Every structure is written in structure tokens, then in C-alpha cells.
Amino acid sequence: MAGHSKWANNKHKKAANDAKRGKEFAKLVKNIEVAARNGGGDPAANPTLDDMIKKAKKASVPADNIERARKRGSGEEAGGADWQSLMYEGYAPNGVAMLIECLTDNKNRAATEVRTAMTKNGGNLGESGSVAYMFSRTGYVLVDKKASLTEDELLLAVLEAGAEEVKDQGEKFEVICQPTDVPAVRSALEEAGIEVEDSDQDFRASVDVPLDAEGAKKVFKLIDALEDVDDVQDVYTNLTVSDEVMEELNS
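Take the position in the sequence shown, starting the count at 1, then add 4; the result is the number in the numbering used here.
The set of hints was computed from the structure by calculation and includes no laboratory data. Hints may be right or wrong, so weigh each one.
Said to hold, decoys possible - Computed list of lysine-lysine pairs in DSS-like fashion (alpha-carbon distance at most 25 Å, straight line):
| hint | residue 1 | residue 2 |
| --- | --- | --- |
| 1 | K221 | K111 |
| 2 | K150 | K59 |
| 3 | K59 | K31 |
| 4 | K176 | K124 |
| 5 | K222 | K62 |
| 6 | K149 | K31 |
| 7 | K62 | K150 |
| 8 | K61 | K75 |
| 9 | K58 | K124 |
| 10 | K24 | K221 |
| 11 | K75 | K62 |
| 12 | K222 | K59 |
| 13 | K124 | K31 |
| 14 | K24 | K59 |
| 15 | K124 | K59 |
| 16 | K124 | K61 |
| 17 | K24 | K222 |
| 18 | K149 | K27 |
| 19 | K150 | K27 |
| 20 | K111 | K150 |
Stated by the list, open to error - Label-pair restraints from in silico Cβ distances:
| hint | residue 1 | residue 2 | range |
| --- | --- | --- | --- |
| 21 | R119 | E195 | 33 to 39 Å |
| 22 | D228 | A85 | 21 to 27 Å |
| 23 | D86 | G26 | 21 to 27 Å |
| 24 | T123 | G197 | 47 to 53 Å |
| 25 | S255 | K111 | 29 to 35 Å |
| 26 | R25 | E71 | 39 to 45 Å |
| 27 | N98 | G197 | 28 to 34 Å |
| 28 | S191 | D232 | 31 to 37 Å |
| 29 | Q88 | T120 | 43 to 49 Å |
Please read these numbers as outputs of a predicted model, since none were measured by experiment. Virtual Cβ for every residue (Gly too), placed ideally from N, Cα, C.
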């Protein structure tokens, strides 16, 4: 869970049931509505909205749900909520730092449910700034590895678009950049004929906490509880686990 955990260290959680799938749909739809509200309802003129719509389509969110969210956010259709972004900070078991990103239309509900999930699973909420200094917001673009594509070739294609480095993540290459440069890096890859698997921004920790399987289980249990909260969009930690520990967790 060091850095982003979109696909790497949380594979053990990807076998989601229908309830989890429905919750993921709701989060994607919420993101579309907010993107349309903040940048307008035309995906061609709003890169964030365009990206959110692509993510929703990739996750098989029904087209009607996507279009209604876009219209609610842009004001073309009534019923849009007053979504507010909140960030909670705290610690999971074993001193693992956590950032909990929420998007809610009810701050009191969000605070209560996040606090309850933390308390019941061995976590502790902290004051604002208590762990945020350990994290920095980072943009990334994921590319599937191809036999003919090298790390150097990939970096060359995106360097002028603002890419800072390319990391080999096993099954994928990860292009790191500033959050504001994500659309440009993605466009540069597409113009070079390189298929983009995913792109987003998240929080990366400057100091990692390695744990064994027993310790990691406790943290993952807390993350699962937090992600069950409707208002929680993402959970970031500075937990890191080895390949051996991940295999043990997945078995």
C-alpha cells in the first residue's frame, strides 16, 4: 500500500461482491457529477470529466447513469448534490499513517462513520496535519507492458509532456508526473500510439512502514471498513508489504 494501491498491493480485495461493485459505481458517478460541476459538462473541454467518464465506462457503469450524473453536475438536469471534499488523517494499527479522502453531502455523517470505522478496527483519527506532511499528491499514468516497448522509449514519448520518471511495476509501466500534467502525459502517450491502461492522481508516502502478514491483515481490515463507508472515496497509507507477504495474504 505504499503510494497508490489502485492495482498493485490490493489485488486480494478485487474479488468484490455485488455490493462492493455497486459502491464502486456510486463513487464513479459521484466523481462525474463533481467534475461536471467544477469544469463544465462538455467532456471535450473538460479533461477531468472526460477521464472520469472513461473510468466509469471501463468499469461498466451503465451509460444512462453516466449521462445523468454529467447533466446533474453541469446543471442541465436538477438534483445535483452539494458535494464537499474532506480529508481525514490518522493512524492504523502498527503506526501506519492514513489519509482518508471523502466526498460527501453531509459532513457530520461522514465524520461519524469514518470515526466509527477507525475506532472499531484499531485506528485513531488525528488532527489536521498530523500525517499529511508524510504524503505528496502525485499524478500517474499506467501502461500495459508490451514486448516491443522499453522503459526508455516510454519516457521519450512523454518527457516533453511533463513526465518525471517511469517505474517498472512488474506487469505495467507507471509514468509519474505532477497531477496537473496527467492529461498532457496521457495525450502524449495516445498520440504515440501507446495504449493507456489508467490515469489518476493520488497520495504517495515519503516514509514507508513494512509489515508482516499478521500486521498487514489488521490494516487491510481497517481499509475495508473505511471503504464500506459511502462517503469515503479513497484511502491512502504508508504501509508496504513484500511479494512474499502479499502471496501469504492472497492464499
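Outcome of the hint check:
1. K221 / K111: With Cα atoms ~29 Å apart, K221 and K111 exceed 25 Å; violated.
2. K150 / K59: 22 Å, holds
3. K59 / K31: OK: K59 and K31 at ~11 Å, within 25 Å.
4. K176 / K124: 36 Å, violated
5. K222 / K62: Given pair K222, K62 is violated - Cα atoms ~31 Å apart, limit 25 Å.
6. K149 / K31: 28 Å, violated
7. K62 / K150: 20 Å, holds
8. K61 / K75: Measuring from Cα to Cα gives roughly 16 Å; hence the hint holds.
9. K58 / K124: Status violated; Cα separation ~36 Å.
10. K24 / K221: Holds, at about 19 Å.
11. K75 / K62: Holds, at roughly 20 Å.
12. K222 / K59: With a Cα-Cα distance of about 30 Å, the restraint between K222 and K59 is violated, given a limit of 25 Å.
13. K124 / K31: 24 Å, holds
14. K24 / K59: Given that 25 Å is the threshold and the Cα spacing comes to 16 Å, the pair holds.
15. K124 / K59: 32 Å, violated
16. K124 / K61: Cα-Cα ~35 Å, so violated.
17. K24 / K222: 20 Å, holds
18. K149 / K27: 30 Å, violated
19. K150 / K27: 33 Å, violated
20. K111 / K150: 45 Å, violated
21. R119 / E195: 33 to 39 Å: Roughly 46 Å apart at Cβ, these two residues miss the hinted range, so it is violated.
22. D228 / A85: 21 to 27 Å: Cβ of D228 to Cβ of A85: about 25 Å, so the range 21 to 27 Å holds.
23. D86 / G26: 21 to 27 Å: Hint holds: Cβ distance 23 Å, inside 21 to 27 Å.
24. T123 / G197: 47 to 53 Å: 51 Å, holds
25. S255 / K111: 29 to 35 Å: 41 Å, violated
26. R25 / E71: 39 to 45 Å: 20 Å, violated
27. N98 / G197: 28 to 34 Å: Check failed, 45 Å falls outside 28 to 34 Å.
28. S191 / D232: 31 to 37 Å: Holds, at about 36 Å.
29. Q88 / T120: 43 to 49 Å: 19 Å, violated
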